[in-house]
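Make the full structure from the sequences, and use the hints.
Note that the numbering used here has the sequence shown beginning at 202, numbered continuously upward.
Keep in mind that a hint or two might mislead.
To be verified - Restraint ranges, calculated between C-beta atoms of paired labels, are given here:
{"hint": "1", "residue 1": "237", "residue 2": "214", "range": "17 to 25 Å"}
{"hint": "2", "residue 1": "291", "residue 2": "253", "range": "13 to 21 Å"}
{"hint": "3", "residue 1": "243", "residue 2": "293", "range": "35 to 43 Å"}
{"hint": "4", "residue 1": "216", "residue 2": "290", "range": "35 to 43 Å"}
{"hint": "5", "residue 1": "227", "residue 2": "269", "range": "17 to 25 Å"}
{"hint": "6", "residue 1": "282", "residue 2": "237", "range": "39 to 47 Å"}
{"hint": "7", "residue 1": "210", "residue 2": "292", "range": "33 to 41 Å"}
{"hint": "8", "residue 1": "253", "residue 2": "217", "range": "18 to 26 Å"}
{"hint": "9", "residue 1": "293", "residue 2": "220", "range": "18 to 26 Å"}
{"hint": "10", "residue 1": "218", "residue 2": "293", "range": "38 to 46 Å"}
{"hint": "11", "residue 1": "232", "residue 2": "292", "range": "27 to 35 Å"}
{"hint": "12", "residue 1": "292", "residue 2": "230", "range": "29 to 37 Å"}
{"hint": "13", "residue 1": "285", "residue 2": "248", "range": "31 to 39 Å"}
Hints listed in this document are in silico derivations from the structure and should not be mistaken for laboratory results.
From the three backbone atoms N, C-alpha and C, an ideal C-beta is built for every residue, glycine too.
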Amino acid sequence: MAVKIRLAREGRQHLPFYRIVVADSRYTRDGRYLENLGTYDPLKGLASANLNEELTIKWLVSGAQYSDTIKAILASKGLIEKAKAEKAKTAVKKSKVVSTKSPVKEAK
202 MAVKIRLARE
212 GRQHLPFYRI
222 VVADSRYTRD
232 GRYLENLGTY
242 DPLKGLASAN
252 LNEELTIKWL
262 VSGAQYSDTI
272 KAILASKGLI
282 EKAKAEKAKT
292 AVKKSKVVST
302 KSPVKEAK
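Printed below as a string of structure tokens:
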């Protein structure tokens, strides 16, 4: 399942308003989604975007891709760098884990 962070349109004609959602790439633009991360009002600019940073970083670390507009929003909030640092931190933890199982004995 390819997971994407993208915009779901709300609002009326000529007055757009978007929800920032995590959705399977096969879902329709305004259809189902897995989780709501925040909102974005393009009439007020990128600074008006409200995001739940913890959830966003969780999804980015787990491999969710993002659209071009979401990339601009995340970059303006500094979340892409935070997610990269978090991903590197978890990679180091995983590499330090040592197996505690006893070695397998060969059958005669």
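Tested hints:
A hinted range of 17 to 25 Å holds for the C-beta pair residue 237 and residue 214, which are about 23 Å apart. A C-beta distance of roughly 19 Å is found between residue 291 and residue 253, which places it inside the suggested range of 13 to 21 Å. For the pair residue 243 and residue 293, the beta carbons lie near 38 Å from each other, so the given range of 35 to 43 Å is met. In this structure the supplied range 35 to 43 Å holds for residue 216 paired with residue 290, their Cβ-Cβ distance being about 41 Å.
Between residue 227 and residue 269 the Cβ separation comes to about 19 Å, which falls inside the hinted range of 17 to 25 Å. In this structure the hint that residue 282 and residue 237 lie 39 to 47 Å apart at CB is violated, the actual value being about 23 Å. As the Cβ distance of residue 210 to residue 292 is approximately 36 Å, the hint placing it in 33 to 41 Å holds. Taking the beta carbon of each, residue 253 and residue 217 are about 21 Å apart, inside 18 to 26 Å as hinted.
Distance hint for residue 293 and residue 220: a CB-CB separation of about 34 Å, inconsistent with the stated range 18 to 26 Å. Separation of residue 218 from residue 293 is about 40 Å and conforms to the stated range, judged on CB atoms against 38 to 46 Å. Between residue 232 and residue 292 the CB atoms are about 34 Å apart, so this pair conforms to the stated range of 27 to 35 Å. Residue 292 and residue 230 have their C-beta atoms about 33 Å apart, which keeps the hinted 29 to 37 Å range intact.
With their beta carbons about 22 Å apart, residue 285 and residue 248 fall outside the hinted range of 31 to 39 Å.
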